[in-house]
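J.: Sequence:
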Amino acid sequence: MTMTPDASNEIFFHTPGRHANAYPYKILVAGRTRFSHSDGFVTRRFHHHTLIYTLSGLGLIEVSGNNVTAGPQTITWLDTSMQYAHGCHPEASHWHYLWMSIEGYGLDAVFSFLRVANNPLFAAIGEVSAGSFERAIDNLDRRGQTTDAISSTIVAQLVETLVAERGEHHSSEDRGERVLRVMREVRTEIASNWRIEELAAISSLSASQLHRQFKEKTGTTPMDWIRHERMNLAKRLLTEPGAKIATVALACGYADPYHFSRDFRRIAGQSPSEFRRAQGQ
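Heads up: the sequence shown runs through residues 0 to 280, numbered per numbering that gives the first Met the number 0.
Hints are computed from structural coordinates only; laboratory data are not their basis. This one's a predicted model, so the numbers in the text were calculated from it and none came from an experiment. Fair warning: there could be bad hints in the mix.
Unchecked claim - With beta-carbon atoms standing in for the labels, derived distance ranges:
id	residue 1	residue 2	range
1	89	112	31 to 39 Å
2	245	216	32 to 40 Å
3	257	220	18 to 26 Å
4	144	254	54 to 62 Å
5	10	235	49 to 57 Å
6	216	89	26 to 34 Å
7	192	35	18 to 26 Å
8	148	118	40 to 48 Å
9	45	235	48 to 56 Å
10	144	43	30 to 38 Å
11	46	188	37 to 45 Å
12	207	10	30 to 38 Å
All C-beta atoms in this analysis are idealised placements derived from N, C-alpha and C, irrespective of residue type, glycine included.
Given only the sequences and the hints, what does the whole structure look like? Please build it.
T.: The following block contains the structure:
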């Protein structure tokens, strides 16, 4: 095991034992990492597969000419034989993640089958994924006779999770499942200051992929759709007796009532006050 001075950054190496080849998968190294802007952007190239589970913050990963934003509760799968670079996203204060580098039978084939090179971001399923990474790190830290067997089991479960996340939903993705996932999440927190990178992380797509799919399914962009959703909510709230425009604006994600009124007029064709009067309020 190698540990950096910062306890939030740990690296655990493992040399497979003499019976390791009896198992289909191996974990060669795993760890916990926390990036900030002061750490800069790191460029690397290895020769195995790496899985990254984001705990908090946002990471920016450049691979194969594409930028991927890794948000909380997502898994990024990288084939590190291709050069890649990563670091803290410019719009986040940090990027905290767990990771493991693995090798094993069939990983290249699964990587190709799931078209991971084009879209390396997966939505983690429940707490299973985070627990798997923590278990992998603990297993390498406490290495013993069962380390190789446990490592192989952990990787097999994670591969199953990734195949389920993309494989089972592959046909439904064509029907806009990822777009619907974003819509459901936004509606639960309509007043949040949503950024396209956050929406992309929810959908497990890159920002450009989400923009394209959203446009195909809804005819508009994600951010324009959010503005219209907020205005629909505003119309309902404005019809409530005694509702103040500033309060309605805040509930719809606008800290500035003037900005709210400007957007409302542009979408509804009248000011909030005019809308209220037309509704008899």
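J.: Now tell me, hint by hint, if it's right for this structure.
T.: Checked hints:
For the hinted restraint 31 to 39 Å between residue 89 and residue 112, the CB-CB distance of approximately 33 Å keeps it satisfied. A hinted range of 32 to 40 Å holds for the C-beta pair residue 245 and residue 216, which are about 34 Å apart. Under the hint 18 to 26 Å, the C-beta atoms of residue 257 and residue 220, about 23 Å apart, fit the expected range. Distance hint check: the CB atoms of residue 144 and residue 254 are about 59 Å apart, consistent with the given range 54 to 62 Å.
With their beta carbons about 52 Å apart, residue 10 and residue 235 fall inside the hinted range of 49 to 57 Å. Residue 216 and residue 89 have their C-beta atoms about 29 Å apart, which keeps the hinted 26 to 34 Å range intact. In this structure, residue 192 and residue 35 meet the distance hint of 18 to 26 Å, their C-beta atoms being roughly 21 Å apart. Between residue 148 and residue 118 the CB atoms are about 32 Å apart, so this pair departs from the stated range of 40 to 48 Å.
Range check, residue 45 to residue 235: about 53 Å between beta-carbon atoms, so the 48 to 56 Å window is met. Separation of residue 144 from residue 43 is about 32 Å and conforms to the stated range, judged on CB atoms against 30 to 38 Å. Taking the beta carbon of each, residue 46 and residue 188 are about 41 Å apart, inside 37 to 45 Å as hinted. Residue 207 and residue 10 have their C-beta atoms about 33 Å apart, which keeps the hinted 30 to 38 Å range intact.
Taken one by one, the earlier hints fail for this structure only at number 8.
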